[in-house]
Amino acid sequence: MKTVRHELVVLGGGPAGYVAALRAAQLGIDVACIDENNQFGGTCLRVGCIPSKALLESSHLYHEAKHGFSAHGIKLDGLQFDLDAMMTRKKKIVDTLTGGIDMLFKKRGVTPYRGRGKFKDNETIQVDGDEPVLVQADQILVCTGSRPARLSFIEEDGDRIGNSTTALSFPDVPERLIVIGGGYIGLEMSSVWNRLGSKVIVLEALDRIMPGIDGEVAQLAHRTLKKQGLDIRTSTFVDSAKREGDECVVKIKGGETLRADRVLLATGRTPATDNIGLEAIGLETDKRGFISVNEEFQTSLESVYAIGDCIGGAMLAHKAMEEAIVCVERMVGMKSHMNYDVIPAVVYTHPEIGMVGQTEEQLKEAGIEYKKGICPFGANGRAHTLGESDGRVKILADAKTDRVLGVHIIGARAGDLIAEAATAMEFGASSEDIARTCHAHPTLSEAVHEAALAVAGRAIHTV
Amino acid sequence: GQAATFAMPAAKRLLEEHGLSASQVPASGPGGRLLKEDVLTFVRNRGN
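Residue numbers (the working numbering), protein chains in the order written: chain L, 1 to 463; chain X, 464 to 511.
It cannot be assumed that every hint is accurate.
Claimed, not checked - Below, in silico cross-link-like pairs of lysine-lysine (DSBU-like), each with a Cα-Cα straight-line distance of 30 angstroms or less: (1) X:K475 x L:K287; (2) L:K53 x L:K242; (3) L:K372 x L:K226; (4) L:K53 x X:K475; (5) X:K475 x L:K371; (6) L:K253 x L:K287; (7) L:K371 x L:K400; (8) L:K92 x L:K107; (9) L:K226 x L:K118.
Unchecked claim - So the derived list for chain L, only partly shown, Cβ under 7 angstroms to chain X, looks like this: (10) P171; (11) E175; (12) R176; (13) D402; (14) R403.
As the list claims (entries may be wrong) - Beyond 12 angstroms from chain X on every Cβ pair, some chain L residues (computed): (15) D138; (16) E279; (17) E284; (18) G428; (19) S430; (20) S431; (21) I460.
Source of the hints: derived by calculation from the structure; they are not laboratory data. Virtual Cβ for every residue (Gly too), placed ideally from N, Cα, C.
Okay, chain L solo, but in the shape it has when bound (with noise of 0.2 angstroms):
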């Protein structure tokens, strides 16, 4: 078998593993790059960020087309969708992006190796694609990321019934769809499928949807995705699920059973840590499946680092992302660090979510005393330019220094409005400091400024 050479080489392609390859052959490290998969970009790009926005919008727009249009004085006939067109759209987007990763590292000379990687030794990985290659590196980065997590007693088949990937590629809208988990990879999927005209009842165990995000905003999503079609049923455990013939039978603990054409099963993520060789190193994970690493993103063993889904933590791709460029930095000497406080986390379903800092429930918890600005969009003019209304944006800064703790939108491009906030936080500021910058009017962006300047009282839209 062939055996090549590197400085660092990467295991994994995604989010976490593209990034630290790239940032490593800036800093002039000689490279290289393993991934199983035919493209590179990981979960986030193949079959979890992309696509799925992809889909959402593709679905938001016919349903604004269906329901929103008429508000405009905007008359449709005939209206209809093409599944097949949006989903090569999807396809299209995904190899562009993915095509971008491949012309990247040929600019920057990051050699990829396509097929398995596993650990030989702790500097050697194997890897077992079209030409089988032994890949020797002075230090290895583990970027293997995750995989949906299963569940005994729902019998997945991969067709009717499915994870997150399943219910990107559906072949046909379903009548009936039953969604198992209420976080956020099932409410965007029920989105699209709702949209699409399916029957939608989404199933969590919980006695809220999406933990993790702030509980009012919460609240304030399930009642308009409830108003939307989604028949959202929280504290109901599934029994087991499992297919008969075309048929999908899911029963609930105690309660009725119900039938579906497909069921999603999304309850979660763990990481993907098995089968790539960590016991032929001495390496272990914990009792999930995470690997542990110290500050420097370095595991028990000296040349060996992980980053990304495999250590756990918020799984997101900008979270991945960063700790790439951090833990490669450090690498070479660089002191730059990483602000797991300061992590924005955004739902793509409409209306948008976007978060970053502390809930309430945490200050609350954590017994702080802090102060609540809100705005709703309704006191924004640009809201209502757009036919956006609905939605708030919620500030909470500290109540002795105004420090901002945490800000929670809910509405329209809250994903994009929720940039100003993590910037503001990153640079310290306090909610004066955010009601002292000059936003662009009229923009959805005043309604943050508005939230600010509610925090000391003295909102000038709102009473």
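Once you have looked at the hints, place chain X on chain L.
Just chain X, lined up with the frame of chain L:
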């Protein structure tokens, strides 16, 4: 804290109200930025 390289907008407002200059107040923000809370702390401690 170190000497301020830049005062945040709210800090600037507070400095002027208290007749202070940025160089008098230790800054704790990223990159030596003077935060509103730095001025508040400074004023509170000076008061005691």
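How the hints compare with the structure:
1. X:K475 x L:K287: With a Cα-Cα distance of about 51 angstroms, the restraint between X:K475 and L:K287 is violated, given a limit of 30 angstroms.
2. L:K53 x L:K242: 29 angstroms, holds
3. L:K372 x L:K226: Satisfied, since the Cα-Cα distance of roughly 27 angstroms is no more than 30 angstroms.
4. L:K53 x X:K475: Roughly 42 angstroms separates the two Cα atoms, so the pair is violated.
5. X:K475 x L:K371: It holds: about 22 angstroms lies between the C-alpha atoms, which stays within 30 angstroms.
6. L:K253 x L:K287: Within the cut-off at roughly 27 angstroms; holds.
7. L:K371 x L:K400: 9 angstroms, holds
8. L:K92 x L:K107: 22 angstroms, holds
9. L:K226 x L:K118: 46 angstroms, violated
10. P171: Not OK, violated: L:P171 not within 7 angstroms of chain X, min 51 angstroms.
11. E175: At about 54 angstroms, which exceeds the 7 angstroms cut-off, the nearest Cβ of chain X leaves the hint on L:E175 violated.
12. R176: With Cβ-Cβ at 52 angstroms, over 7 angstroms, it is violated.
13. D402: Hint holds; L:D402 Cβ to chain X Cβ min 6 angstroms, cut 7 angstroms.
14. R403: 6 angstroms, holds
15. D138: 33 angstroms, holds
16. E279: At about 42 angstroms from chain X, L:E279 clears the 12 angstroms cut-off, so the statement holds.
17. E284: 37 angstroms, holds
18. G428: 4 angstroms, violated
19. S430: Its Cβ does come within 12 angstroms of chain X, the nearest being 4 angstroms, so this is violated.
20. S431: 8 angstroms, violated
21. I460: Holds: least Cβ distance 17 angstroms, greater than 12 angstroms.
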